[in-house]
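Single-letter residue listing:
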Amino acid sequence: MAEAMNNQDAFLIGDTMTGGYGAGPDILHDCTVAVNPGEIAVIVGPNGAGKSTAMKAVFGMLNVRQGSVRLDGQDITSLSPQDRVSRGMGFVPQTANIFTSMTVEENLEMGAFIRRDDYAETMEQVYTLFPILKEKRRQAAGELSGGQRQQVAVGRALMTQPKVLMLDEPTAGVSPIVMDELFDRIIEVARTGIPILMVEQNARQALEIADKGYVLVQGRNAYTGTGKELLADPEVRKSFLGG
Amino acid sequence: MDLLNAFVVLSNFVLIPAIAYGSQLALGALGVTLIYGILRFSNFAHGDTMAFGTMATILITWWLQSLGVSFGPLPTALLALPFGIAVCVLLILFTDRFVYRFYREQKAKPVIFVIVSLGVMFIMNGLVRFIIGPNDQRFADGERFIISVREFKALTGLKEGLAIKTTQGITVITAVLVVAALFYFLNRTRTGKSMRAYSDNEDLALLSGINPERVVMVTWLIVAALATVAGVLYGLDKSFKPFVYFQLLLPIFAAAIVGGLGNPLGAIAGGFTIAFSEVMITYAWKKVAKYALPESLEPDGLAQLLSTDYKFAVSFVILLIVLLFRPTGLFAGKSV
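Top to bottom, those sequences are chains A and B. Residue numbers are given in the working numbering: position 198 of the first sequence equals residue 196, and the series is strictly consecutive. In the working numbering, each residue carries its 1-based index in the second sequence increased by 5.
No lab work stands behind these hints, which were simulated from the structure alone. Among the hints, a few may not be true.
Partner residues are not named here, just some residues of chain A that face chain B (Cβ under 10 Å, in silico) [as the list claims (entries may be wrong)]:
#1 Val83
#2 Asn95
#3 Met100
#4 Asn105
#5 Arg154
#6 Ala155
Ideal Cβ positions, reconstructed from N, Cα and C, are used throughout, including at glycine.
Generate the whole structure from the sequences, applying the supplied hints.
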């Protein structure tokens, strides 16, 4: 299946990555994740499978000892996370992903910090995607609800006009209703053409919106396929989706 | 009862001195709180940074005076202040480049930075005493009073007089201008916002492409300026003595902690809280009581809660109370 998805030429790919934090033991073993424009790729798996670790490896936050990370055909394995941001990668961490003491608008401004051009238009686009943020633009981001904070976090990452967006468990700790709304928003972002690579706890819902799914187990690719294929796969259903 | 005279006495001995002292403490505490918020350590060298900046200003003032330069009714020190700030900035940036940066690269813990700042404090302390000596220096010139007791009495016909020293007026006006400029910078400019972002969430600030070394440099620039301004205002209002500046560290830290470390608004509130408490608790209230209370209730003694020799105890007690009941300060500060 993996071959059928034409991984090698993907827009963003972490190709057969092996590595871990600092000089510690390897957490990822020949792990591959990739995403193409217009797609939502989702990384799912049991607790401790290395989902977030795989994403952090793609973003340059841990040592990739073997394999490589390529963005638009260029090898970026040795770049720092900051350099990857200026190359067009947007990253939303799982926790502490907003400036709580600053207003919503200031959060977006800080997202656009590396831009020297006029970003007013991008800010309007973010406000169009997340209307609630426009309403609360003058409010401190830390005062918002969980779902709204996640929207601020995604909005902040969008301010650089990234070529690819990476979300680490965007629905962690929000209610099911808010989760559905967040997924809707994420689909809307994907429709603007930005490829999205996302780690998710809520495997079933995430695979439903996914063009591509990666099931990781103990730092290895266990199953790979389109979201529909994985949802239909009896093995995957039995092991990870509760039947 | 004579409430008007009571209020004049209160203003003369409590309100005006406390407002001036509070402004000086607030400026000092702002420096401490900025360092804590952005560089994430308690800078014990702050009192001696103030002393160094003030010393530089005094030396330049003397030089200007020797050239016959004066600022009319205002103290010549105000003309020398920008140069004093520049000298202080140079020393601070030198210190950061050759001391603090080394520990930043090691990613040293905050407690190590505190000890390092203690070392910097001793060096600066020695440097100031070596250059200008440990003695009292007076450098205020120009008009002494905006309004003197005699003028006030002639003007109002009241029995009690009210004096406002030029230095008190300058202190308050300068403090207001400096604080307004600082808040404009922090809340309205790109660099100021990036400093707040860095203070709020260091990792996310790095992700957003904010350059930490630049944030640190700008912080030191502002802190050196704040420390020099606070020190010069204090020196003009009272006098300059290196040991007194070292001692100021306690009320300044108390102010910053009471307001909530890392919170600029808190530092200002803390400065005034400490100043008013210190002045009110060490003031002999007999004279005010004489006017404000009916004769039968007039106190026999001085009605002074604490001798002025113990004024530092006031900072300590407030600090203890706040730490016991609101450990992050009156305004929400943060704790590293």
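Hint check:
1. Hint status for Val83(A) relative to chain B: holds, with the closest Cβ pair at about 6 Å, below 10 Å.
2. At its closest, the beta carbon of Asn95(A) sits 7 Å from a beta carbon of chain B; the interface hint therefore holds under the 10 Å criterion.
3. Taking 10 Å as the C-beta contact cut-off toward chain B, the hint placing Met100(A) at the interface holds, the least distance being around 6 Å.
4. At about 8 Å, the closest approach between the beta carbon of Asn105(A) and any beta carbon in chain B falls short of 10 Å, and the interface hint on this residue holds.
5. Annotation: Arg154(A) was flagged as interfacial toward chain B, and the flag holds, the nearest CB pair being 7 Å apart, inside 10 Å.
6. Interface restraint check: Ala155(A) against chain B, minimum CB-CB distance 9 Å, threshold 10 Å, status holds.
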